[in-house]
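Chemist: Here is what each chain is made of, one letter per residue.
2 protein chains.
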Amino acid sequence: MRLLIVEDNAELSRLVAAGLAAAGYESDIVGSAAEAREAVSSVSYAAMILDLGLPDGDGLSVLRELRRQMEPLPVLVLTARGGLQDRVSGLRSGADDYLAKPFAMEELVARLEAILRRPGQLLGRSLRLANLVYDTESRQIFVDDQPRIISARETSVLEILLRRQGRVVPKKNVEDHIFGLEGEVASNAVEVYVSRLRKQLAEHGAKVVIHTIRGVGYLMAEEK
Amino acid sequence: MRLLIVEDNAELSRLVAAGLAAAGYESDIVGSAAEAREAVSSVSYAAMILDLGLPDGDGLSVLRELRRQMEPLPVLVLTARGGLQDRVSGLRSGADDYLAKPFAMEELVARLEAILRRPGQLLGRSLRLANLVYDTESRQIFVDDQPRIISARETSVLEILLRRQGRVVPKKNVEDHIFGLEGEVASNAVEVYVSRLRKQLAEHGAKVVIHTIRGVGYLMAEEK
DNA sequence: GCTCAGCTTACACGAACCTGACAGGGCGGG
DNA sequence: CCCGCCCTGTCAGGTTCGTGTAAGCTGAGC
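Note that the protein sequences, when read in sequence, are chains A and B.
Just so we're aligned: the first sequence equals residues 1 to 224 in our numbering.
Just so we're aligned: the second sequence equals residues 1 to 224 in our numbering.
Since the hints were derived computationally from the structure, they do not count as laboratory data.
A quick note: this is a predicted structure, and the numbers were derived from the prediction, not measured.
The C-beta atom is built at its ideal place from N, Cα and C for all residues, glycine as well.
Now the in silico label distances, taken between C-beta atoms and shown as ranges:
| id | chain 1 | residue 1 | chain 2 | residue 2 | range |
| --- | --- | --- | --- | --- | --- |
| 1 | A | A23 | B | A21 | 31 to 37 Å |
| 2 | B | V185 | A | D144 | 47 to 53 Å |
| 3 | B | G53 | A | L116 | 43 to 49 Å |
| 4 | B | A104 | A | I149 | 40 to 46 Å |
Use the sequences and the hints to build the structure in full.
Modeler: Set out below in C-alpha cells:
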C-alpha cells in the first residue's frame, strides 16, 4: 500500500516514512503543495499525510482542491499545534483526521489505519448515511435524493455528527463547531439544536438516529 | 483512564484537572508527597503529574521511590523553576517528561499523551478481545465494528478488565479504578456494575466472558 | 446442609437532558 | 420603510437515565 507524505521538514518526513515502513507501508515524500498536486494526479495513493505548514502555500488548499474534484483519497492532516481554528477549518475542508505535533509514531499509524479501514465515509464533498445525504459545499441535505431545507444551525450540527458517524462526538466539540470562536454560549443551545434536528430528520423521513451519550455527547448512526 | 495530580496549589490543580477532563481523562488530586505515596500504592493510575515544589518534602523523592520499586507508572514533572539543573535531576530520577510553569494546557495534554503512548501493553489506543474493541481515547466500545453505548461506570469496569485480559483483576483494583479516591463506597457497587456489564455485553453480542474468581476478583477472556 | 461470597432486581435520588414557549432580531417582500 | 416570518438563543418545567444502596436470592465450597 502506497502513501503520500506532504511535509517540508526533511527530517520529520524521513522519520515518518521510516515509521510507516516499519508498519508495512511504502511511501513517497514531497515537500510542497505543488509537488503534492502533481503526485496525486499521477499516482494512485492509498492515503495522504498532509502537513499544513508548507512553504509554497496552504496545505488546506490542496485538500480543498482534492475534495472539489470529488477525490476520495483519505487525508490525515498534521499540524504544529492543535488549535481549534485549524481543527475546524481542517475538518471543513475535508480532512479525515487530525494529528497535532508532537505526536508518537504509534498514534500516526493507528489513526492512519483507522481512516484506511473505513472506506470513504467521511470523505468527499458529499457525506452519506442511510438515505440521508449532505453536500458539504452547498450545505444542502437530501433525503431519498429529495432536497430538504433545514436551518443553518441545524445544518452545522448535522455536519459534524455526520462527519463522525458511528463515533461519539463530545458535546463540547459540537458547540465549538456551531459557534466557532465567537464567544461561548451560556445555555443549553446544543441540546436545543440537537432536539430540533432530530425532529426535522424524523419529519423528513431520514433513517438515522442521534444517540445521546450522557455526560459525553452524541452519536449519529443508521436507524436499526 | 485515571491520572494522579500531585500539586499543592489548589487553584492550579483544579485547573489542570479541568483541562484533563476536557481531554477525556479522569483525575484525582492530592496535595502532598505523603498523600501521593499513599494514593499510588492503593490505586492503579495511568500516569502521574508531579509538582516538585511540595510542602512536605521533595517531589523528586516520591519519584525515586517509585522507580526503586520498578513501578512503571509514567510521570510528568511540573516545576516552577525551569532551570537546566532541575530538568536534569528530574529526568535522572526517572521522570518521563518535564514541563516548566507557566505552561499551556494543550502542551500538558500533548506531552502527557506522548508518554502514555510510549511503551507497553497498557498504552495502546485501542484494546481488542474477540469481536470487542475498546477505544481508549474516545472511551467508546465496538462489537463487530458497530458502536455500542454503555454507561460511564460500565465502561470503566470494561476498561480495566480488558487491559488485563486473561489475568485475574482483584476486586479491590476494580473498585479503585472505578471510584479512585472519591471516598470509598459502602456497598456491593462493583458486583452491581459487573453484573450490568455482563448483561450489556451479552445483549450486544460480544463474544467475551467475565469469569468470577471467588474471594479474589474477575477475569475477562474470549468466549469458549 | 450450612455458610458466605457473589448475583440480581428493585428503588430513590439527582444530574443530565429534552422540549415547548417566547422574545429579540435579521431579512425579504410588499 | 414597515410588516411579518423565521431563525436564534434562553429559560423553565418535565422527563429520562445513570448511579449507589439495599435486600433477597443463588450457588459454590466446606
